[in-house]
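So the protein sequences, as listed, match chains A and B. Just so you know, we're using numbering that gives the first Met the number 0 here: the first sequence kicks off at 0 and counts up by one. Just so you know, we're using numbering that gives the first Met the number 0 here: the second sequence kicks off at 0 and counts up by one.
Hints listed in this document are in silico derivations from the structure and should not be mistaken for laboratory results. Just so we're clear, the structure is a prediction, and the values are computed from it rather than from any experiment. Please note: incorrect hints may appear among the correct ones.
[Said to hold, decoys possible] Computed cross-link-like contacts, BS3-like style, restricted to lysine-lysine with a CA-CA straight-line distance of at most 27 Å:
hint: 1; chain 1: B; residue 1: Lys-180; chain 2: A; residue 2: Lys-55
hint: 2; chain 1: A; residue 1: Lys-182; chain 2: A; residue 2: Lys-149
hint: 3; chain 1: A; residue 1: Lys-27; chain 2: B; residue 2: Lys-180
hint: 4; chain 1: B; residue 1: Lys-180; chain 2: A; residue 2: Lys-120
hint: 5; chain 1: B; residue 1: Lys-180; chain 2: A; residue 2: Lys-353
hint: 6; chain 1: B; residue 1: Lys-39; chain 2: A; residue 2: Lys-55
hint: 7; chain 1: B; residue 1: Lys-180; chain 2: A; residue 2: Lys-28
hint: 8; chain 1: A; residue 1: Lys-60; chain 2: B; residue 2: Lys-39
hint: 9; chain 1: A; residue 1: Lys-107; chain 2: B; residue 2: Lys-180
hint: 10; chain 1: A; residue 1: Lys-26; chain 2: B; residue 2: Lys-39
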Amino acid sequence: MKKLIIALAASAALLGGFSTGAQAQEKKKVCFIYVGSRTDGGWTQAHDLGRQQLDKALGAKVETPFLENVPEGPDAERAIERMARSGCSLVFTTSFGFMDATVKVAAKFPDVKFEHATGFKAAPNLATYNSRFYEGRYIQGQIAAKMSKKGVAGYIASFPIPEVVMGINAFELGAKSVNPNFKLKVVWANTWFDPGKEADAAKALIDQGVDILTQHTDTTAPMQVAAERGILAFGQASDMIAAGPKTQLTAIVDTWGAYYIKRTQALLDGTWKSEQIWDGLKDGILTMAPYTNMPDDVKAMAEETEAKIKSGELHPFTGPINKQDGSAWLKAGEKADDGTLLGMNFYVEGVDDKLPK
Amino acid sequence: MHIELEKRARVSTLFSILSPLLALALTLVFGLVMFWLLGKSPLGALYSFFVEPLLEVWSLHELAVKAAPLILIAVGLAICYRSNNWNIGAEGQFTIGAITGSILPVMNPEWHSPLILPLMLLMGMAGGAFYAAIPALLKTRFNTNEILTSLMLVYIAQLYLDWLTRGPWRDPQGYNFPQTKSFQIEAVLPEVLSSGRAHWGFIFALVAAVALWFMMRFMLKGFQVSVLGQSERAGRFAGFSARRMVWFSMLLSGALAGLAGISEVSGSIGHLQPSISPGYGFTAIIVAFLGRLNPLGIVASGLVLALTYLGGEAAQLSIGISDKVSRVFQGLLLFFVLSCDTLIHYKIRLVLAGATTGEARR
Numbered sequence: 000m001k002k003l004i005i006a007l008a009a010s011a012a013l014l015g016g017f018s019t020g021a022q023a024q025e026k027k028k029v030c031f032i033y034v035g036s037r038t039d040g041g042w043t044q045a046h047d048l049g050r051q052q053l054d055k056a057l058g059a060k061v062e063t064p065f066l067e068n069v070p071e072g073p074d075a076e077r078a079i080e081r082m083a084r085s086g087c088s089l090v091f092t093t094s095f096g097f098m099d100a101t102v103k104v105a106a107k108f109p110d111v112k113f114e115h116a117t118g119f120k121a122a123p124n125l126a127t128y129n130s131r132f133y134e135g136r137y138i139q140g141q142i143a144a145k146m147s148k149k150g151v152a153g154y155i156a157s158f159p160i161p162e163v164v165m166g167i168n169a170f171e172l173g174a175k176s177v178n179p180n181f182k183l184k185v186v187w188a189n190t191w192f193d194p195g196k197e198a199d200a201a202k203a204l205i206d207q208g209v210d211i212l213t214q215h216t217d218t219t220a221p222m223q224v225a226a227e228r229g230i231l232a233f234g235q236a237s238d239m240i241a242a243g244p245k246t247q248l249t250a251i252v253d254t255w256g257a258y259y260i261k262r263t264q265a266l267l268d269g270t271w272k273s274e275q276i277w278d279g280l281k282d283g284i285l286t287m288a289p290y291t292n293m294p295d296d297v298k299a300m301a302e303e304t305e306a307k308i309k310s311g312e313l314h315p316f317t318g319p320i321n322k323q324d325g326s327a328w329l330k331a332g333e334k335a336d337d338g339t340l341l342g343m344n345f346y347v348e349g350v351d352d353k354l355p356k
Numbered sequence: 000m001h002i003e004l005e006k007r008a009r010v011s012t013l014f015s016i017l018s019p020l021l022a023l024a025l026t027l028v029f030g031l032v033m034f035w036l037l038g039k040s041p042l043g044a045l046y047s048f049f050v051e052p053l054l055e056v057w058s059l060h061e062l063a064v065k066a067a068p069l070i071l072i073a074v075g076l077a078i079c080y081r082s083n084n085w086n087i088g089a090e091g092q093f094t095i096g097a098i099t100g101s102i103l104p105v106m107n108p109e110w111h112s113p114l115i116l117p118l119m120l121l122m123g124m125a126g127g128a129f130y131a132a133i134p135a136l137l138k139t140r141f142n143t144n145e146i147l148t149s150l151m152l153v154y155i156a157q158l159y160l161d162w163l164t165r166g167p168w169r170d171p172q173g174y175n176f177p178q179t180k181s182f183q184i185e186a187v188l189p190e191v192l193s194s195g196r197a198h199w200g201f202i203f204a205l206v207a208a209v210a211l212w213f214m215m216r217f218m219l220k221g222f223q224v225s226v227l228g229q230s231e232r233a234g235r236f237a238g239f240s241a242r243r244m245v246w247f248s249m250l251l252s253g254a255l256a257g258l259a260g261i262s263e264v265s266g267s268i269g270h271l272q273p274s275i276s277p278g279y280g281f282t283a284i285i286v287a288f289l290g291r292l293n294p295l296g297i298v299a300s301g302l303v304l305a306l307t308y309l310g311g312e313a314a315q316l317s318i319g320i321s322d323k324v325s326r327v328f329q330g331l332l333l334f335f336v337l338s339c340d341t342l343i344h345y346k347i348r349l350v351l352a353g354a355t356t357g358e359a360r361r
């Protein structure tokens, strides 16, 4: 037994070598922390694709280590601190729930730069970045109203934070621009990443009679349920066409790569500043997956809306808009300002759900 | 032909002691092979898994943070299991302890008194003990199986916490995120040293381990636990009450799980949220058995399990292995510990068709 162990250890040493030593060349470390698995087919995968693009573009100058499946809470704080201590120069924390942990660690390590996705707390070494997902959701709402026979869509939501509420409202507003009586049912899965719960939510919505499904959670499970039940659905964060070739109408695809390259380049040039960035369709931080499984006139409408949003001609949150209880929110022609959107805490008229309070 | 496990006539003392170490060695060997097959430097991977987390002070603190709830829960469970009471619901007692302990800071966020923390800890212990009292009552009164009742109560506790943090206890200023207000500073279990995050929960764990070791070794109560655990009948002849032992062991383990719950929430999370444990209450069952149901052994096994957890993260970052590989690695470790233990008590026999079995020969 002893001999066997020695032999195995020796051969392993020969085969692998002991290589925890320094890198041949001093590369900057740009690190990523993910809430889900980087093959989730959704949110985290989109971030990881961005990381890979960064690797390809600037791989000669930077390394891009990452941690996946990090739970929000005390484990996140440890994981982020580990990154800061392991020599990362720039850390991207890619989930809303990492906000407080990122703030704490950023205060401890003033020389390390942090960027937190979708949050609202900043510091001199902590930037925030976000994408105007609602622009894509408005387009989806329009498509849903055209394609739905029953005039009811189902929305699988994660947490009732402003980001998610804003998406629900944008979808409903898009739908109402086509069909003023369009209704939207919402189920709160209360998770970002849980295929089982997301699938259950999808089934519950379909059983309530919706014939279009959209989601603000991270996995392809709802798309698969929609495909099984033979209804149409929208993908989220990544192009989910593989999960529903005959099901997906389009998807909001997060294309973080260009942003990650831009910020890393700024770091290398020494021009990195803490900013609060909120880019949209026109900046390429999100793109629409090909419009499929729909007639040509619907496709043409979607493309036209997309072009109008890009050019700035159309802002999805333009009045007149009433709140859910019928009271007026925006006057005709009035546009919602970013501050109101980022703190959005109410539904617009037509959403068939009570916002969890 | 089939394979049979045959009980050994004599259990080797030497191997009983060596078993955990042997298992560790086997895990290392298989780990080497696994990393090599993955195309990673095997020794480098093992280094970052088992050594790197021990090299830095902050990381040792994290180890203590992770080990504290495991040890606290497991020492209580060990007394339960030694007395032949099978409390599987420590996760639920942990959760209820966290909730009852949090009542004061959640309801009185403006109460800035040094009294608050000790009261929270006591209420956490009381909550955990109360929750363990339910299966104890059911067992002593109706002879129900405590494995089932305590396990099922776990899910009730988790859903209750879920409901509280999404509903009545949710922070109104928290952007609708399901969590309570952050506890006031007086309600936060302080760090032991200024050099890292390890909080007093780890000290509680060590004190509990030493106290229970002392009880088992030197006190009549410990003797009662062993006797009743091995033979209830023998215990009765000695005048020990099995019913009282059910109450003692369940309340003790419930209180310790509750203490672990409130320590974790107050010391390392700082508020209540729907999920406060990555399954500490269940992992502690493994810790208890790895530590051979000996409170001091449990301190060691709790640290080892905490290390595999941190090591997985370190290895993911420094050599880029997937976090799934680190879970496989943790699984390997447990598998070998259990199989080594089995092989100490049993030997494997290949039984050819027609041959007499071990049973028949005896």
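Are the Cα atoms of Lys-107 (chain A) and Lys-180 (chain B) separated by 27 Å or less? 23 Å, holds
For the pair we were handed, Lys-180 (chain B) and Lys-55 (chain A), check the Cα-Cα distance against 27 Å. At roughly 43 Å apart (the allowed maximum being 27 Å), Lys-55 (chain A) and Lys-180 (chain B) break the hint.
Need the status of pair Lys-180 (chain B), Lys-120 (chain A): alpha-carbon distance at most 27 Å? 17 Å, holds
Hinted pair Lys-26 (chain A) and Lys-39 (chain B), Cα distance within 27 Å: 20 Å, holds
Starting from Lys-27 (chain A), check that the Cα of Lys-180 (chain B) is at most 27 Å away, please. Since the Cα atoms of Lys-27 (chain A) and Lys-180 (chain B) sit roughly 38 Å apart, the hinted pair is violated (cutoff 27 Å).
Given the hinted pair Lys-39 (chain B) and Lys-55 (chain A), is their alpha-carbon gap at most 27 Å? Between Lys-39 (chain B) and Lys-55 (chain A) the Cα gap is close to 22 Å, so the pair holds against 27 Å.
Hint consistency between Lys-180 (chain B) and Lys-353 (chain A) [alpha-carbon to alpha-carbon, up to 27 Å]: 23 Å, holds
Distance restraint between Lys-180 (chain B) and Lys-28 (chain A), which requires alpha-carbon spacing of 27 Å or less: 35 Å, violated
Assess, step by step, whether the Cα of Lys-60 (chain A) is no farther than 27 Å from the Cα of Lys-39 (chain B), and give holds or violated. Status holds; Cα separation ~23 Å.
Agreement of Lys-182 (chain A) and Lys-149 (chain A) with the hint, judged by alpha carbon distance not exceeding 27 Å: Roughly 9 Å between the alpha carbons, so the hint for Lys-182 (chain A) and Lys-149 (chain A) holds.
Violated hints for the displayed structure, listed by number in ascending order: 1, 3 and 7.
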